[in-house]
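Quick note, the sequences are listed as chains V and Z, same order. So in my numbering the end of the first sequence lands on 276, straight run, no missing numbers. So in my numbering the end of the second sequence lands on 241, straight run, no missing numbers.
Simulated from the structure, these hints should not be mistaken for laboratory data. The beta-carbon is built from N, C-alpha and C at its ideal position, and this holds for glycine as well. Wrong hints could be hidden among the right ones.
Restraint ranges, calculated between C-beta atoms of paired labels, are given here [as the list claims (entries may be wrong)]:
1. Z/Arg15 to V/Leu206: 28 to 36 Å
2. V/Ile244 to Z/Leu22: 23 to 31 Å
3. V/Thr216 to Z/Val37: 39 to 47 Å
4. V/Ile166 to Z/Gly29: 42 to 50 Å
5. Z/Leu32 to V/Ile189: 31 to 39 Å
In the SDA-like style, the derived pairs of lysine to any residue whose C-alpha atoms are separated by at most 20 Å in a straight line are [as the list claims (entries may be wrong)]:
6. V/Lys261 to Z/Met237
7. V/Lys185 to Z/Leu93
8. V/Lys261 to Z/Ile18
9. V/Lys261 to Z/Leu93
10. Z/Lys52 to Z/Lys202
11. V/Lys185 to Z/Pro205
12. V/Lys185 to Z/Arg16
13. V/Lys190 to V/Val202
14. V/Lys261 to V/Gln274
15. V/Lys185 to Z/Lys56
16. Z/Lys56 to V/Ser221
17. V/Lys190 to Z/Arg15
18. Z/Lys43 to V/Val227
19. Z/Lys52 to V/Leu266
20. Z/Lys43 to V/Ile207
21. Z/Lys52 to V/Gln235
22. Z/Lys52 to Z/Pro205
23. V/Lys190 to V/Leu179
24. V/Lys270 to V/Ala256
25. V/Lys190 to Z/Lys56
If the Cβ cut is set under 7 Å, some of the chain V residues that face chain Z in the computed set are [claimed, not checked]:
26. Tyr180
27. Ile181
28. Arg213
29. Gly245
30. Leu251
31. Ala252
32. Ala256
33. Leu259
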Amino acid sequence: MIYYIGAFGLVFIGLYIILTKRNLIKVIIGLNILDTGVNLFLISVGYVREGTAPIFSRGSGQVLMVDPVPQALVLTSIVIGVAVLALALSLAIMLHKHYGTLNLQKVKEQKW
Amino acid sequence: MRRIIAIVLLTIVVLGIALSLTEVPFGTPKTHVGDYYVKEGVKETGAVNIVTSVVLNYRGFDTLGEVTVLFIATIGLGALLTTHKERKKKRDVMPASLILSTGCRFLFPLLLIFGIYIIIHGHLSPGGGFQGGAIIASAFLLTYLGCQGVRISERRSKLTESLGGLVFVIVGVLGLIFGGYFLLNFLPKGTPFSLLSAGIIPIIYVAIGFKVGSELVSVIDNLMEGST
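Isolated chain V, as found in the complex (with noise of 0.2 Å):
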């Protein structure tokens, strides 16, 4: 249960990143924690009272496991979010070129 509280104050306080601060780069932070908070929730969706890691080890017959199916598309979630933070990192360097500031408000200021 403190699972899913963790996650979803992990998901709240990326939305809230990403809703006042007016940084790119902030924003970009508030991206990965909204993204930190929805791979432990479905980890903790996919978790067995008592189970371990869905690894069989020698000599260790059957064991209650967790669901391997959550962690398998945290595995892909994770890289996916790895990519997502580098292209939208280049994005902020390609702004701040372009512009000279990472804050919005003033990009939105300026019409070039």
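Assemble the complex: chain V is given as a structure, and chain Z must be docked to it using the hints.
Below, chain Z without anything else, positioned relative to chain V:
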């Protein structure tokens, strides 16, 4: 004002999701497919790491798409940052101290070996191509930060990346030829817990490791060059 509106809006959204989640119990098995993978996964794929067998065997096509997304993001980043690369004059940087440069030269091969270990044991222990590729990229990041002036060859990293992707697709097409569907595990499964087991899974994971490693290295290269 803006903050208050944001907080009110977010509270409504998060409370709504949380209320619908009270129906979902915490800590109980929920999907039948997960149970099936845990029970039959080792028998069907030969990999003792069930997450790996889900990623590369049951949902291998999905992973191909994921690798493609990473590839496209790398290409987009390169295209954005190299459009006006007005050959920077060499910045005057203070040469790194002896301890720093020796230390990173000492750590670089160790990090590479650790990354390769993580990649080739992806079907036996936690880890795999993505994680090992990230570790290899961190080794290159260390040399970028520690030993100034070292640059990787862009052509070689592109070649490694393309080879990795090509091996993935070729192994998939071989499955199509031998057994009738894409990414079929056509090699013998071997005995579980041994390094040479699980058929095509280690081959694909090594290919993914090379691909992800070189992609992340080129991302690092572009960002370090483009941001100066």
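Verification of the supplied hints:
1. Z/Arg15 to V/Leu206: 28 to 36 Å: holds, 30 Å
2. V/Ile244 to Z/Leu22: 23 to 31 Å: Because 26 Å falls inside the window, the suggested range holds.
3. V/Thr216 to Z/Val37: 39 to 47 Å: 22 Å Cβ-Cβ, so the 39 to 47 Å window is violated.
4. V/Ile166 to Z/Gly29: 42 to 50 Å: For V/Ile166 and Z/Gly29 the Cβ distance comes to about 20 Å; the hint is violated.
5. Z/Leu32 to V/Ile189: 31 to 39 Å: Since Z/Leu32 and V/Ile189 have Cβ atoms about 34 Å apart, the given range 31 to 39 Å holds.
6. V/Lys261 to Z/Met237: Roughly 15 Å between the alpha carbons, so the hint for V/Lys261 and Z/Met237 holds.
7. V/Lys185 to Z/Leu93: Violated: V/Lys185 and Z/Leu93 sit about 25 Å apart, past 20 Å.
8. V/Lys261 to Z/Ile18: Roughly 32 Å between the alpha carbons, so the hint for V/Lys261 and Z/Ile18 is violated.
9. V/Lys261 to Z/Leu93: holds, 12 Å
10. Z/Lys52 to Z/Lys202: holds, 17 Å
11. V/Lys185 to Z/Pro205: violated, 52 Å
12. V/Lys185 to Z/Arg16: Distance of about 9 Å is within 20 Å: holds.
13. V/Lys190 to V/Val202: holds, 18 Å
14. V/Lys261 to V/Gln274: holds, 14 Å
15. V/Lys185 to Z/Lys56: violated, 52 Å
16. Z/Lys56 to V/Ser221: holds, 14 Å
17. V/Lys190 to Z/Arg15: holds, 16 Å
18. Z/Lys43 to V/Val227: Distance ~17 Å between Z/Lys43 and V/Val227 Cα, so the pair holds.
19. Z/Lys52 to V/Leu266: Roughly 52 Å between the alpha carbons, so the hint for Z/Lys52 and V/Leu266 is violated.
20. Z/Lys43 to V/Ile207: holds, 12 Å
21. Z/Lys52 to V/Gln235: Since the Cα atoms of Z/Lys52 and V/Gln235 sit roughly 16 Å apart, the hinted pair holds (cutoff 20 Å).
22. Z/Lys52 to Z/Pro205: holds, 14 Å
23. V/Lys190 to V/Leu179: holds, 11 Å
24. V/Lys270 to V/Ala256: With a Cα-Cα distance of about 14 Å, the restraint between V/Lys270 and V/Ala256 holds, given a limit of 20 Å.
25. V/Lys190 to Z/Lys56: Roughly 48 Å between the alpha carbons, so the hint for V/Lys190 and Z/Lys56 is violated.
26. Tyr180: Where the cut-off is 7 Å and the nearest Cβ of chain Z is about 6 Å from V/Tyr180, the hint holds.
27. Ile181: With a minimum Cβ separation of about 9 Å from chain Z (threshold 7 Å), the hint on V/Ile181 is violated.
28. Arg213: This interface hint holds because 4 Å falls under the 7 Å limit.
29. Gly245: Where the cut-off is 7 Å and the nearest Cβ of chain Z is about 11 Å from V/Gly245, the hint is violated.
30. Leu251: holds, 5 Å
31. Ala252: violated, 10 Å
32. Ala256: violated, 10 Å
33. Leu259: violated, 10 Å
Hints 3, 4, 7, 8, 11, 15, 19, 25, 27, 29, 31, 32, 33, counting from the list given before, are not met by this structure.
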